[in-house]
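Undergrad: Below, each chain spelled out in residue letters.
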Amino acid sequence: MTIHVEGHPITAREGDTVSAALLASGLDVRRATAVSGAKRLPYCMMGVCFDCLVTIDGVGNRQGCLVPVAEGMQIDIQKGKREIGK
Amino acid sequence: MSAVPKHENYDVVVIGAGPAGLAAAEMTAGFALSTLLLDENAGPGGQVWRAINSTPVKSEALLGSDYWSGAEIAKAARDSGAEIIHRATVWSLDRNLEIGVSVGGGSAFIKAKRVIIATGAQERPFPIPGWTLPGVMTAGAAQTMLKSSGLVPDCPTVLAGQGPLLWLLAAQILRLGGRIDHILDTTPRANYIAALPHAFAFFTSPYFGKGLAMMREVRAKVRVTSGVTELAASGNGKLESVTYVAGGKRETLPAELLLLHQGVVPNVNLAMAAGVEHRWNELQLCWTPVLDAFGNSSIAGIAIAGDGAGIGGAQAAVWRGRAAAGSAIKAARSNAKVSDVSPQLRRAERGRAFLDVLFQPAKQFRIPQGDTIVCRCEEITAKDVLDSVAIGATGPNQLKAYRRTGMGPCQGRLCGLTVTELMAEARGKTPQEIGYYRLRAPVKPIMLSELASLPKNDEATKAVVRG
Amino acid sequence: MKDYDVAVVGGGLLGSAIAWGLGRLGQRVAVLDEGDIAKRASRANFALVWVQSKGLGMPAYTGWTVRGSKAWPKLAEELKAQTGLDVVLQQNGGFHLTLGEAEYEQRTQLVARMHNQVGAADYQMEMLSVTEVKKMLPLIGPEVSGGSFCPYDGHVNSLRTFRALHAGMKQFGVDYLPERAVSAIARDGDEFRLTSAQGEIRAAKVVLAAGNANQTLAPMVGLSAPMGPTRGQIVVTERTMPFLPHPLTTIRQTDEGTVMIGDSKEDELDDRVQNHPINAVMSDRAQRTFPHLARLNVVRSWSGIRVMPKDGFPIYEQSQTHPGAFVACCHSGVTLAANHAFEIARMVKEGALDEELVGAFTAKRFETAAGVGGSGYY
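Protein chains in written order, with the numbering used here: chain U, 1 to 86; chain Y, 1 to 467; chain H, 1 to 378.
Please note that a few of the clues may not be correct.
Claimed, not checked - The calculated lysine-lysine pairs, modelled on DSS-like cross-linking and capped at a C-alpha distance of 25 Å, are:
1. K74/H <-> K383/Y
2. K210/Y <-> K58/Y
3. K70/H <-> K80/H
4. K80/H <-> K383/Y
5. K429/Y <-> K39/H
6. K113/Y <-> K6/Y
7. K58/Y <-> K238/Y
8. K39/U <-> K383/Y
9. K111/Y <-> K383/Y
10. K364/H <-> K349/H
11. K238/Y <-> K79/U
12. K86/U <-> K134/H
13. K86/U <-> K135/H
14. K265/H <-> K456/Y
15. K238/Y <-> K39/U
16. K462/Y <-> K310/H
17. K429/Y <-> K170/H
18. K265/H <-> K462/Y
It should be emphasised that the hints constitute simulated quantities derived from the structure, not laboratory data.
Same shape as in the complex, but just chain U (with noise of 0.2 Å):
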């Protein structure tokens, strides 16, 4: 299937995490933290760390090790804390 990350499409494998499909993508996927903007990406994979922040949907801070990926769905990555209305 196909999802897109900061609008370019990338290929997804139904039954992967929003987290698994970022990394296998290749593409500079690291988030920045809320607290300094250090670069991060998923530490954990098991829903702990919370370094797997992501905006999926226009919703942000979300854990991307534990969604799903579907069809369609605009990924965007984390820049710091979270945006007014996102």
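Fit chains Y and H to the given chain U structure using the hints.
TA: Relative to the frame of chain U, chains Y and H by itself:
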């Protein structure tokens, strides 16, 4: 799947669909107790049997027979009549056995006569310099991607740490054609001697033969360095190299992926937030709940089964789940014929002490120094923690007030143990004396709109709206 | 031999502010405190530096509050100069917003009552229409009907203040002695002996700043502190981009970006459990006030026990039978922190409370009146 619970009341609510939760729910439902099984993941299996129904890795040999044994238990649970809801996050549990659960963006409270917490384990924090760099992950993370998506590393990869899972992961990655350049074994040499008194039970346990074969399989293909005493990740914005010290010699390896693992520890957040008494476990170096032989906790009606009761592995988790289920069934129907599973549980737990001692992580990998980050969410270092001790912080909660440790979204899951041990060492106290964060609902973040939609009453409105 | 000039019992915001102030004046001070698990309003508060509607029923409290609010910048500056910690004091005015017409009417009446009691000029609390509110808080939702505004109101990072006071105490040479719950206090000649399981401390003076526990400590030195604690619950979200330029009585955005949503007032005093319907009401009102908050994640909620003298107003008193023993307890330890650090500390050092400033806060008021109905709280 975003089905919400069908009822407001259940005889038994089981939280977590790993080995313990599946076994428990199957058994209580089998005795016709109304049973609800809530699980955060997309499918059953927990961590050890992750994606058991959906993995793209179909070959029996690649993931091993221990993995595939989960399919049968998952099927039995599915066929048992228990109501099973996945992608359900339990965010609140209290001593009244009221459970706050979030499913599909909405929340509800349900009541249970018995609760079996089977939320399992998480990987122990591995706070080395650079562990927050992109490219540093847990071994469990790699295994999750392998099981769920068939993904294996294809870049320069270093695997570092210790414990049975490390070798299992290495074997699985290699069997699937993945790349591992180097394994850095951090098992302290002294542990081999300390573990000897427990060796007999281990050699006669089912782990022994399998473990040895796996290590042999991996060593044949990958360079392994043992006796690693220091470890650091470095890079600019992402992992570029791993530096280690072994036998007094410092070496640097280029790497794009560093997989860390030094064992697993119970997931305590839900149980602690419910008020279940925990004590510091000197052998496993983590908090474990105070339980009776059936997993019943200090809070009436709440039992804990599986690795959340203290690390015991998947087989023990299954039997602990059945023991807790048996206790719940007895409580509901005193004349029910429930078989005693303690012999099976004892057998499954055999050899654990050997593993606990052998793979007890070294102090320098649990208690960091200087600029090494302790709290990943709030980006607080070991030095920050020590500075707080110097101005009067006696434990994690005063530290939290000073420095916000544990206040981020992970709610202390990746700093809590480190903070306790670091403060204990700085103050010359035991971890038991230092204590842990006081945890509060929601134990997992939920949307404000979910809280807002929950039942209200006049009394509550009066307590809030005061002109 | 006396160990200290002053022993302060209680290391929360109130005790720390007084001890810091005493250390600043060159006094030798010990702070005796409980350990990591204690009922600490200092860790559970809402962090407002708040003036509006304080003091209904006791004009002196209004004056004391305004004075504390005006002295706060000096405290923030001194703490920053001493410890390098910015406590992010913001005093550009605060709101109490109302939802629906009935609440707006009720608030209008309260503001009128306040004006009738104290000089309106001191206070400058006024009702604003929803149009005026929207100019200052553009993200309010359609149910907001207006609210009251007071230009003196503000907020601060109260946890960082707590840390800065503790760091500052250390620099002033104050001995902070945690895990030392005081079990007995006795006069012995010209000194006080404070007994704890860890041993005895001797000091020329003693300040009881132990919050609700003052109720049991005060009689040991001929004082009284009738308390009526209440429980409050707060919900806090993850960090979000700045959206709220002024604090509200029930919603504020911290400098870190989290949104705090408060707060309730209950008679229940167990701070380990939570009342779920109350969290629901608070969250519902917050999202009706600012609809964009609805999708934010809540990361934590907690309940805390308010330090609350029986009538809501502070108690400051020196013992007549045990001169040199003082009791200090109040709600609003954040708002009044500068008063405690500068004024109360000075008075304790001088050995006499300033009648003009704090004479109204004697506990003797409880002996005469049958309980003054007041609004020490907003």
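Undergrad: Can you give the numbers of the hints that this structure goes against, from lowest to highest?
TA: Hint check: 1, 7, 9 fail, others pass.
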